[in-house]
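Asks: For reference, the chains in residue letters:
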Amino acid sequence: MFDLEKDFLYDLSKEVKTGTTVMAVTFENGVIIAADSRTSSGSYAVNRVTDKLTPVQDQIYCLRSGSAADTQIISSYVSYYTNMFSIEEGSQPTVKKAAHMFREFLYQNKQYLHAAIICAGWDPIEGGSVYSLPLGGSIVKQPFATGGSGSTYLYGYCDMNFKENMTEEEAEKFVTYGITEAIARDGGSGGIVRKAIIDKNGVRRKTVYGNKLKKFWEK
Amino acid sequence: MSGIGTGYDLYPTTFSPDGRIFQVEYAHKAVENSSTAIGLCCKDGVVFGVEKIILSKMLVEGTNRRVFSVGEHIGIATAGLTADGRRIVQNARQEAKNYENFTSDIIPIHVLTERLSIYVQVFTLYNYIRPFGCSLMIGSYDEEKGPSLYCIEPDSVALGFYGCAIGKGKQEAKTEISKLKLSEMTCKDAVKEIAKILIKTVHDETKEKEMELEMSWVCKETKGKHKLVPKKLIEEAVEWVKGQENEED
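So the protein sequences, as listed, match chains A and B.
Residue 965 in our numbering sits at position 106 of the first sequence; the count goes up by one each step and never skips.
Residue 709 in our numbering sits at position 170 of the second sequence; the count goes up by one each step and never skips.
Isolated chain A (complex conformation):
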């Protein structure tokens, strides 16, 4: 029997998480990042049009998965500190610097946090870079990275389809299809696909709405 208090309200009072799919991939001119748009509280979709592509600096973004509160506050901190440092130094912060700042916060506070972040962007020194910062607070630089509950459905897809130095078109297809597939399979992911292309000219944001998502094997 469905009990209003026990089932529904209990479900609603669960912590807001971004049960999620996020992807970041380097291509010849920079990086492309993409995410789904579902934020859930238990089985209720609190926000079905979430923007998980969070700017840290002009050309550095982070993709957030895990506790929404934890990831939001940490990306605020990193945004603040990268700003302060870039004013002191008189130059644009590198993705490496931002990623290592994320690491400091995640690692030093690991007992209290449930946050995994992918930090990706473009800087004049390294070009496009992607850094994966999983739950424990480690940091790994990778050519591409996936995160969130939906990423488990993408390991095979990514391994088979990723190539180094893809063109922008190829890379865009790679991430769009990936997120689409994860949305189809993962209950924690859904909604629309939000993308951002970061290269030396800046950031271009794109959205693929639900009805335009390609349908893969579906009966």
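Be aware that one or more of the hints could be misleading.
Unchecked claim - Examples of chain B residues toward chain A, derived with CB under 7 Å: (1) 641; (2) 642; (3) 647; (4) 650.
Stated by the list, open to error - Computed cross-link-like contacts, DSS-like style, restricted to lysine-lysine with a CA-CA straight-line distance of at most 27 Å: (5) B:735 - B:713; (6) B:762 - B:731; (7) A:969 - B:636; (8) A:1000 - B:636; (9) B:720 - B:764; (10) B:596 - B:735; (11) A:1000 - A:1059; (12) B:684 - A:1059; (13) A:1032 - A:969.
What the hints assert, rightly or not - Some, not all, of what chain A presents toward chain B, calculated at C-beta under 7 Å: (14) 862; (15) 956; (16) 959.
If you are wondering where the hints come from, they were derived from the structure by calculation, not from laboratory data.
Bear in mind the structure is a predicted one, so any value in this text is a computation, not a measurement.
Even glycine gets a Cβ: it sits at the ideal position worked out from N, Cα and C.
Fit chain B to the known structure of chain A by using the hints.
Replies: Using the frame of chain A, we list chain B on its own:
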């Protein structure tokens, strides 16, 4: 000296009627009592040289250091109260380490200089802590940006220099430095020129006892790491200076 700032020179918290803080100016005097240190920004690096007066034959050579490393890539040379200098260097090392831990990058020299400047300035604000009685020269070499040299005085003013001298003989040293073509000089040549200035121009053999040369550099050859100049090079430089003397005689 008594009578110059009478009444307005007791604490750094008091301005004189003509807008001076005498305690900070007296801190400069402490620097001027010390032996000279020189820093030169050459085309491929930065070289420091310090004239160390040997106070006793019982002192071990190379002790009583006046030149320090901060991180691997920055060198600091001090003049004035050595203990004060060491304190600031300790702070610098802390700053460099914290920066590196947080950002995983080595601290840029102009950021470190700015922070040390702010640190030194704090001590000119209160009446229960005195200003530092030392000047520092901070130098570093970067593949892309090239060599950089800064000097921080007790009043916390930090300026960038091509060539700088601090201590007793700074006026004569600065005159000699201005005659050098620094942008064309290599670090190896700079070692010789600094030795020449310290031994011949600055050091007064009749008045003072023997001197020891302490030299360090941060350059292309050391791959951007701050190191003491090899003893052999210093000895060669001293020989060269003696040779120059003979020529002129």
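Asks: If you take the shortest Cβ to Cβ gap from residue 862 (chain A) to chain B, is it below 7 Å?
Replies: With a closest approach of 50 Å, the residue 862 (chain A) hint is violated.
Asks: Can the restraint linking residue 1032 (chain A) and residue 969 (chain A) be considered satisfied, given a maximum Cα separation of 27 Å?
Replies: 35 Å, violated
Asks: Is the Cα-Cα distance between residue 1000 (chain A) and residue 1059 (chain A) 27 Å or less?
Replies: 20 Å, holds
Asks: Minimum Cβ distance from residue 956 (chain A) to chain B below 7 Å?
Replies: Nearest chain B Cβ about 5 Å off; hint holds.
Asks: Taking 27 Å as the top limit, are the C-alpha atoms of residue 1000 (chain A) and residue 636 (chain B) close enough?
Replies: 23 Å, holds
Asks: Does residue 641 (chain B) pass the interface check with chain A, least Cβ-Cβ distance below 7 Å?
Replies: Holds, about 6 Å.
Asks: Is it true that the CA of residue 969 (chain A) sits at most 27 Å from the CA of residue 636 (chain B)?
Replies: At roughly 22 Å apart (the allowed maximum being 27 Å), residue 636 (chain B) and residue 969 (chain A) satisfy the hint.
Asks: Compare the distance between the alpha carbons of residue 684 (chain B) and residue 1059 (chain A) with 27 Å, and conclude whether the hinted pair is satisfied.
Replies: 22 Å, holds
Asks: Given a cut of 7 Å on the nearest C-beta pair, is the interface hint for residue 650 (chain B) held or broken against chain A?
Replies: Interface hint status for residue 650 (chain B): holds (5 Å vs cutoff 7 Å).
Asks: Between the alpha carbons of residue 596 (chain B) and residue 735 (chain B), is the straight-line distance 27 Å or under?
Replies: Holds - the C-alpha atoms of residue 735 (chain B) and residue 596 (chain B) are around 24 Å apart, at most 27 Å.
Asks: Tell me if the straight-line CA distance from residue 720 (chain B) to residue 764 (chain B) falls inside 27 Å.
Replies: Holds - the C-alpha atoms of residue 764 (chain B) and residue 720 (chain B) are around 24 Å apart, at most 27 Å.
Asks: Is residue 762 (chain B) within 27 Å of residue 731 (chain B), Cα to Cα?
Replies: Between residue 762 (chain B) and residue 731 (chain B) the Cα gap is close to 21 Å, so the pair holds against 27 Å.
In this structure, the earlier hints numbered 13 and 14 are contradicted, and the remaining ones agree with it.
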